[in-house]
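So the protein sequences, as listed, match chains A and B.
Under the numbering used here, the final residue of the first sequence carries the number 313; numbering is consecutive throughout.
Under the numbering used here, the final residue of the second sequence carries the number 11040; numbering is consecutive throughout.
The hints are simulated quantities; they were obtained by calculation from the structure and are not laboratory data.
If you're wondering where the values come from, they're calculated on a predicted model, not measured in any experiment.
Every clue listed holds true.
Covered stretches of chain A, as calculated for chain B (at least 3 residues, CB under 8 Å):
id, segment
1, 43 to 54
2, 165 to 173
3, 196 to 206
4, 248 to 257
5, 290 to 298
A short, non-exhaustive set of chain A residues, derived as facing chain B with CB atoms under 10 Å:
id, residue
6, Glu70
7, Gly183
8, Val226
9, Thr227
10, Arg273
11, Glu301
12, Leu302
13, Gln303
14, Arg304
Here are some, though not all, of the chain B residues that point toward chain A, as calculated from beta-carbon distances under 10 Å:
id, residue
15, Pro10193
16, Glu10194
17, Leu10197
18, Pro10568
19, Ser10570
20, Val10579
21, Arg10586
22, Gly10644
23, Gln10708
24, Tyr10727
25, Leu10778
26, Gly10783
27, Asp10784
28, Glu10791
29, Leu10798
30, Ile10799
C-beta: ideal position from N, C-alpha, C; glycine also.
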Amino acid sequence: MKRIRTLVLATALALFSLPACSPEVVPEEHADEHIEEGHEGAVVLSEAERAEFGVEVGVAGPGLIAQTVELPGEIRANEDLLAHIVPRFPGIVKSVKKAVGDQVANGDVLATVESSESLSTYSVKSLLEGLVIARHVSVGEAVTTERELFVVADLSNVWVDFQAFQKHLPLLEVGQRIHISAGHGLPEAEALVSYISPVVEETTRTATVRAVVENTDGGWRPGLFVTGRVEVSGDEVPVAIPTTAIQTVGEVPVVFVSDEGGFEPRPIRIGRRGPHFVEVTNGLEPGEEFVSAGGFTLKAELQRGELGEGHGH
Amino acid sequence: MATLLRFGLENRLIVGAFALLIALAGIQSYRGLPVDAFPDVSPNLVQVFTTTEGLSPEDVEKYVTYPVEAAMNGLPGLERIRSVSNFGLSVVNVYFQDEVDIYFARQLVGERLQEAREQIPEGFGEPEMGPISTGMGLVLFYYLEDSSKQYSLEELRTIQDWIVKFQLQTVPGVTEVLGIGGSEKQFHVLIHPENLLRYDLTVAEVIARIRENNLNVGAQYIERNAEEYVVRSVGLATNLEDLEHIVLKSEDGTPVFLSQVADIEIGGALRRGLQTRNGTEEVVAGMVIKLFGTNSSTVIERVEEKIQTINAALPPGVQIVPYYEQKTLVEASVSTVQSALVQGIALVSLVIVIFLGALRPSVVVALSIPFSVLFATFGMGQLGMSANLMSLGGLAIAIGMMVDGTIVLVENVDRLLREGSESMTRKEVVLQACSEVARPIAFAISIIIIVFLPLFTLEGVEGKTFRPLAYTVALAMAGSLIFALVIAPMLSMSVMRRPKGESDGPRWLQLILRGYRPLVATFVRHRVMALGVAGALLALGASAFPFLGSEFTPRLQEGTLVLRLTMPPSISLTESKRVTMLVERRMMKVEEVTGVVTRIGRGEVGAHADPVNSAEMYILLTPRDTWSVNSQEELEEVIRDGVGRVPGVLTNFTQPIAMTVDELLEGVRAELAIKLYGDDLDELAEKAQEVAQVVGRVRGAADVQVDQVSGTPQLVLRVNRHAVARYGMNVEDVQKTVRAAVGGEVAGQIFEGVRRFDIFVRFAPEYRSTPEAIGNILVAGPGDIRVPLSELADIEELIGPRQITREDTQRFITIQCNVLDRDIGSFVEEAQAAIDATVELPAGYFVTWGGQFRLQQEANRRLAVVVPITLLVIFVLLFSSFNSLRNAGLIILNIPLALVGGIVALWVSGQNLSVPASVGFIALFGIALENGMVLVTYLNQLVAEGKPIDEASVDGACLRLRPVLMTAATTALGLLPLLFSSGTGSEVQRPLATVVVGGLVSSTVLTLLVVPALYKWFSAPDSGTVKGGVGPAASGAPIG
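Build out the structure end to end from the sequences listed, making use of the hints.
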């Protein structure tokens, strides 16, 4: 812009003695129109614009902040309802009566063993009512008293053992509700935390968190991998806003609050956080109107003046 | 000189053959000239692009940009290195001096890139040179229209990348085709992390298994029965099913398939840009880049032909639809000047016939135009110039001047033939007539050429824009000189006859002469009156001058409007798209708009490095004659109104070529650019603010603005070394997991024929899309340990840099500023002092001052030397021609008198002072000098013959009325078409034409009235010793 004036002046002045006056610079047409602003820092949007840009307004009020922790877990047979069946005397297995999956009653004969000491045949019996979930024996085998022949489990309820990491431990306590799902269309269940292990496992640094679930239809098969979601707190707070309402200006979280026809960014302090709602402990009073979604448009409008020439390349 | 003339007359056949040869060579050369719209003003640079997927600006700078820059340092011919490190992309611009051959420069850069590659860590990207092209290389944009609506964007992109692109790249002159929009097809392996836990696998293992189960090998050959069998082991995965069946591990013979751990599907690659259309849909698009130095219109033509062929081969319903091409613009601009040329030639010929009143001499004169033009095109071919608005514009400007030499010559021949004694042969008459005027002609034409010298010293954009014009003017004038001195005598002799009757020119000229003689006589008698007229005119010019506005080169109208949207730097691509399409919908409601195609961000790397917050909307318009408004500017208003305000978006209109060139120049638009160099980004930003505040307080400061360098939110995972150590892991274990889980990793490719598509392994979206989810990602350690990321790293959100700019290997921030109502030099001094006094810069930080002001100073300094030198050279030429300081002075006096007309013409027509206008002034100098010379030479001759000065002044003026009027009329009429043209590019030529035409009027009036009047004061003190300036004339040739 200036260069040409120089050129013209230099050529003209060199030859053509002129009064020392500089020609008017034609003002560079500003490419962008002015956008009305309510007062400093506030953005005014018409109803139509709000609709077009998806700016939604809500009223601040109380809400429930549910904080959850997700834990990986596994279905295990309830060890209180589990029997490891061993032979009384070492011997040779004469017959095997039950197979894995068979329902047995307390006292049902599972196998017969001929004792090596007495050469008499005795019965190995189930110690509880339940399902045979493991069998480690075939006819003719020599067994010892250390040898576990059957595992019988009562699967009417099962344990769900979760691995809780260090960071979860302060949040968890016995009695919390836990939602259990196995995915892939498998059943889901609700249960209560019944036990948190007093020690942390040394290699994985996790503690076991346990819940017991009813398993009347047998859907919760031991070994199944599940995910548990624990609602660690579910507090009613005076001001809760959806997470979509939070914008960051500078590095400070703000919400846009309706103010005399405009929206004004207001720094807030965030308390407890849930997956969808957060608690505002400072900056927003109940009853105030705020932008619950689409706040980015407002933030962008505030920043527009700074966009300037320095765009990115 | 006489020998040359004699030679020409005696060897007419040779001269004729020579003339024909040059003409043919000119035609030949013209056909081969690359045709462009405008002169290419792009800087001489080689761009180095490096894509580094997912890396933040700081890391891009550290790992990629720095090594590339370091390698480029010290290259011969290097001007400067500038780099931008963006999210995932490093662009290093290596600027070379203009003289450096582009291929040589690329070779140098290519060699050094090898070094750079070694310095860049494995997996951080490969630096590549940009296309062999310039800012004007983006010649055609297209999108794929799918009327069948049955193809997904990935499929369309595949069609683009593997059919369209490949076919178009085979077109000669096309150097690159870049795709954008849709998504590149990928095979996505979306891992569900709980399944990794279930089967005791790690991400790294999954990636390794995929690689191990996807390859072909060659195993040489076996011989069987005297034949060779090539052994080939085929194990490439070719489809989703193959991937699903990759076995990750086997537990007691039970295989764990990939499909048990991950969802496998076809998806789109991560992208940093997209293309939308009409506010209704996303489209797949591409841009064709032409090779450096090729002919735009031919390349585009070939591309369009190829598109026809490709369209036929595309699946039914899919079609390539070009939405922008430069051909229309090229054709429009070239046709603007071409028609100006043709009309100019016609008008000039008409003038000649009217003035000479006879056909034969007119033919001789008119022939000088095609000869000079063809001579110029021949020269352009030799110099490797392109035919464009400016170079052809130079010819259009020169049309009127090309004939001047020949007019003077032919007029003299005509006169002598009429008046000369019967005793002389025609050859002798012609020879004498030519000899009389040869020297002044040679001088006059040389002076015109010399006058254009300052234009050759222009640098930068103006230089590149106007140097072609200077070249063609100089070439055409040189051609006209050759014609006048060599060919015209031959032609005159062959064509012209002794006129019968004693007509002294056409009747109307006699009438004018009858009025003119008493007028000039009055002026000669009352010299003070002449002085008064001159003075009044000067005063008029001087008083009009301050009213002139000033502007840079008027904006060349490319005929294509682009609305550029700039959104906040933190915006996501999704939101960017939403807002853009919203604006598109608003724009579609404007009546003149038939369509909008928008590019957001960048596609394939090579042409644009725009981030996702920048969108360029190409506006397709109805034909111009159906508009409700008359000009492009007014239409911009209409569209701007139609779009209305868009909250949070900065909009401005631009044009495709201008935009690209600006981008390459990376110039600062403000007068003053204060660059603060330093190392630490935060410190830089802070100090830049301080500097801005200090500068803002200096008197005269306006529009102070600091470049926004930050504003991109980052989620930073800071690995806690103690935590990692406790679990017996390495930092790398964490980093690799994060990269694969969140960023994704390519684990080989799937081949479909020659098409290849990446296998992209990443966590399923729900496991990586929130900070909480990322914190829950399990990192595998030694043994069976699985630890959530949040145990190993602190996760924080902060605002990071959006880009890091560096110049000459140092980070910098620019503070822009304009200066009002005071001299910039003193402003800089004061501001510098203020900065030194108040801003404490850490060691290693420094400030430089640049911007337009620097260029302006340079231009000032250059012109301050060049313009006086030019004038001096002209003066010396004049002096050597006339041997009289006074004569030379009188002729120089014509210049200010001519300027007056130019200034007034600009003022009256409401135009601004601009670079083209000043080029007009320069041309005007030449014409004014020429007129003065012709007259003064003649007056000298008359005086030398012994006429009293007063009488000689009047007689000479009357005798020279015809040639002076004629040269003025031809020049002015030659420019008329440019003056009234409204075609593409006319906005640049118009100020130039206005100045020349206006100046001609004042200059002619003054030459005819004031110069004869002032002649007495400026003639040599002792008229007896006057040599008469021109050799042959001094020898006492019989004149009049």
